[in-house]
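Top line first, the protein sequences correspond to chains D and F. Residue numbering for the first sequence follows the numbering used here, beginning at 915 and increasing consecutively. Residue numbering for the second sequence follows the numbering used here, beginning at 40 and increasing consecutively.
Honestly, the hints are just simulated from the structure, not real lab data. Each hint can be trusted.
Pairs of lysine-lysine residues, derived as BS3-like cross-links and limited to a Cα-Cα distance of at most 30 angstroms, are as follows:
no. : chain 1 : residue 1 : chain 2 : residue 2
1   : F       : K94       : D       : K1155
2   : D       : K1223     : F       : K211
3   : D       : K970      : F       : K211
4   : F       : K94       : D       : K1133
5   : D       : K1313     : D       : K1371
6   : D       : K1324     : D       : K1371
7   : F       : K211      : D       : K973
8   : D       : K1142     : D       : K1092
9   : D       : K1218     : F       : K198
10  : D       : K1130     : F       : K94
11  : F       : K94       : D       : K1103
12  : D       : K1391     : F       : K94
13  : F       : K211      : D       : K1155
14  : D       : K1130     : D       : K1155
Please read all numbers here as calculations on a predicted model, not as lab measurements.
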Amino acid sequence: MLDNELRTMIDEVKDGRMDRRAFVQHLIALGLTAPMATQILAVGGVAMAQSKAPYKPTKRGGGGPLKLLWWQGATLLNPHFATGTKDQDGSRLFYEPLASWDAAGNLCPILAAEIPSTQNGGLAADGKSVTWKLKPGVKWHDGKPFTADDVVFNWEYARDPATAALTIGVYQDITVEKVDDLTVRVLFKGPTPFWADAFVAVVGCILPKHLFADYKGAKSREAPNNLKPVGTGPYKFVEFKPGDLVRGEINPDYHMPNRPYFDTIEIKGGGDAVSAARAVIQTGEFDYAWNMQVEDEVLLRLEKGGKGKTVYTTGGDIEFIALNFTDPNTEIDGERSSIKTKHPLFSDPAVRKALALLVDRDAVQKHIYGRAGRTTASFLNGPEQFVSKNTKWEFSIEKATQLLEEAGWKAGADGIREKDGRKLKLLYQTSINGPRQKTQAIIKQACQKAGIDVELKSVVASVFFSSDVANPDTYSKFYADIEMFQIPMTQPDPAQHMRRFHSRFVATKENKWQGRNFPRWVNKEFDAAIDAAEAEVDPVKRAAFYIRANDIMWEDTVVIPVMHRLKVGAAVNSLRPVLSGWTNDTDNIQDWYREA
Amino acid sequence: MRQYILRRLLIAVPSLLGISLVLFTVLALAPGDPFAELVTNPNVPPEVAQALRTKFGLDDPVHVRYLRWLAAMTQGDWGFSFVSRMNVDTLILQRLPTTLYVIGSAQVLALLIAIPVGVFAATRPYSIFDQIANTLAFIGFSLPTFFTGLLFILVFSIKLDWLPFVYTTDIKATGIHWVIEQVRQAIMPVMVLGLFQAASMTRFVRSAMLDVIRLDYVTTARAKGLGQTRVIVKHAMRNAMIPVVTLVALQMPAVFGGAIVTEQIFRIPGIGSLLISSILSNDTPVVMAVTFVFACLVVLFNLIADVLYGWLDPRISLR
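Using the sequences plus the hints, can you model the full thing?
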């Protein structure tokens, strides 16, 4: 029924008989969310209303210096080699993608003349190609024109394994062809519902062909411009000291009107988060600081000074506890946590469910994350159209106890529950990080009350997150019963975020523990939902598949979501930063300005 | 003399080789992975991280990597940073001036305080001045630099708002303003480090001076009717300086090595902060180069100290 009605309404919007707002309201009445309605319109052939933040300055420049403080400084300035957000943020001042993400997860054109849609012919109906129209008249900082050849070159550059670009994953499975000087077409192997990966946001930053053409492949590291970027961005490169300073000055020929506002820009690196917060919020020495991993209590105290405040952006970063579905204490062919084993305790779903009931998210939020966290029962927390309404968390020691009792786990003489000689003893590991150790303590306490003995373990982050095959303490080896960390969502689409739990990605000795399914969870129904979603072009159906996948994860208690984490920055009161939880902090740097 | 120096330099070669071997092995055995950040990034397929490891030779056995490093080092190639993808020597040289300026000034400040105070205290042992100097010295070296650093920031930057607490390498001013800014931002770190150093050095100078001042030849000099200043400066101090020279010479490598904690607190882009960030990101070529250069400097300044002895006290012969 929905289908027919929808198509009619979309046609009405197209002909102008119904306005967008009325359409959205109709859909909300039908139980769909607003962003989902917008998505339907996009696919139905109506361009997304580009939600731009209001930009007030009426002329270019004149804003003085913009001083940014990153407590980890950029170490290189080639976006294709960026190992972390710090490097991406630094390169993004000078290089630009075709489009960036706004706060709601919509695309904003940067080097593209318009965002591809079915209506403007940019999106193929079969979902197998996207055609990007480039903005005419854009010039590189050295005066050469920006054309489709540059875009095609970046694809060739990044996909060449010898270049060792870290963006290879984005570019290796696509084909990019030049249609004319200002048009490129991206071809996919199969129907690709999420087409906005290549050439979008930080992984999509475009290098000039005329300066990098000789340095493709094995010679990539010798390119002199790796350290001296020449891009199309709002700021021109002045100086770079790895780990310490990135400096730029206004680009007088920038392709967007009245932008940028600031005359110079600098990103200073180094130090720690607390003193960075202090330099912005308390003394105002700097205008903006990134990634404020500081306890909320401290931030609140600093904010009393009044020179600056914290700013929050919502993405999909999730802090969670993963349960090991294999046995970490049995060795098979020299491999612990082997997929051939079953976890002695977690093979009983009651134990997993009980554990989920023992996570007091309210306490974790109140005492640890504060404004930087939201409680959630879903692994997938955004964008909105993909968020499940069917999951609900609860903290109840009584219910957990009852569940364990019913399943036959009886308290022994030492107060620890046991069944068939197996005691409810868990090893709980995470990386060394203040908030995580506190969360561990809160959960351990609740578990103790329910008769589960929890041993805490914390591993240095550089080891925990390493891919070092020889080290037993990495999260992917998972030689523990449960472990906790955060998985960031780097783009406003759930494909990559959800795919990792597909059974074909189970981490094993054979794949050097590089499989991303570290809980080693195998579920046919989940696999089917993911496979279906990845081939589904209809956004409504696709969203439904991801919501279903998320619900299966919750029903089966694969992971216990603890906190939906927000990104926290600190800005002086006068600054108007344009930020999005779906992309890097500097992805919309051209729109930043200061209000008197 | 020349022969002595040559011999010492030759002896240094095997010890430096030994040091490099130990450093390299320890770093190779240490856990961690320079490409760790990629692992949680779903955009980067695992094969890419693996290809990078292979490309930078991280999967080769330790002895192969060591020999390769040694061969490159003898040709003046200090290595290639995994993280910055640039040559390590450029990285180090970029940071050397700042380190020399800040840490060097701190050392000079320490000497300027320690020598006069130490000498003066020794000439009047257990006087009020000596008691006060001693007490302050004890307080000075029992307070760690991270504590005094934070204290200074709270007092001078946040409460009084006199001094900046983020060190800037590119001050946008010229002439006298540039100098003033440069001095202003270095005051706090130099004070923190200088006072800490001065405290222990004062104690050292004082005790070295006390040893000498009681010797017969000093009494003789006084008996000859020489003035107090002349006796102290010309006769006693020269001899008392021998142990002090050793101490200062052994401190010199630290001037190049930077001060890890202080540099981190004040965001001074020196060698110390380079070392710590490289250790944290497992950038082994940089860690290796910095520590090895440090080892070379220790050996070199030991030699310089030995040569200086001969000049200060001709009775010590160098053979």
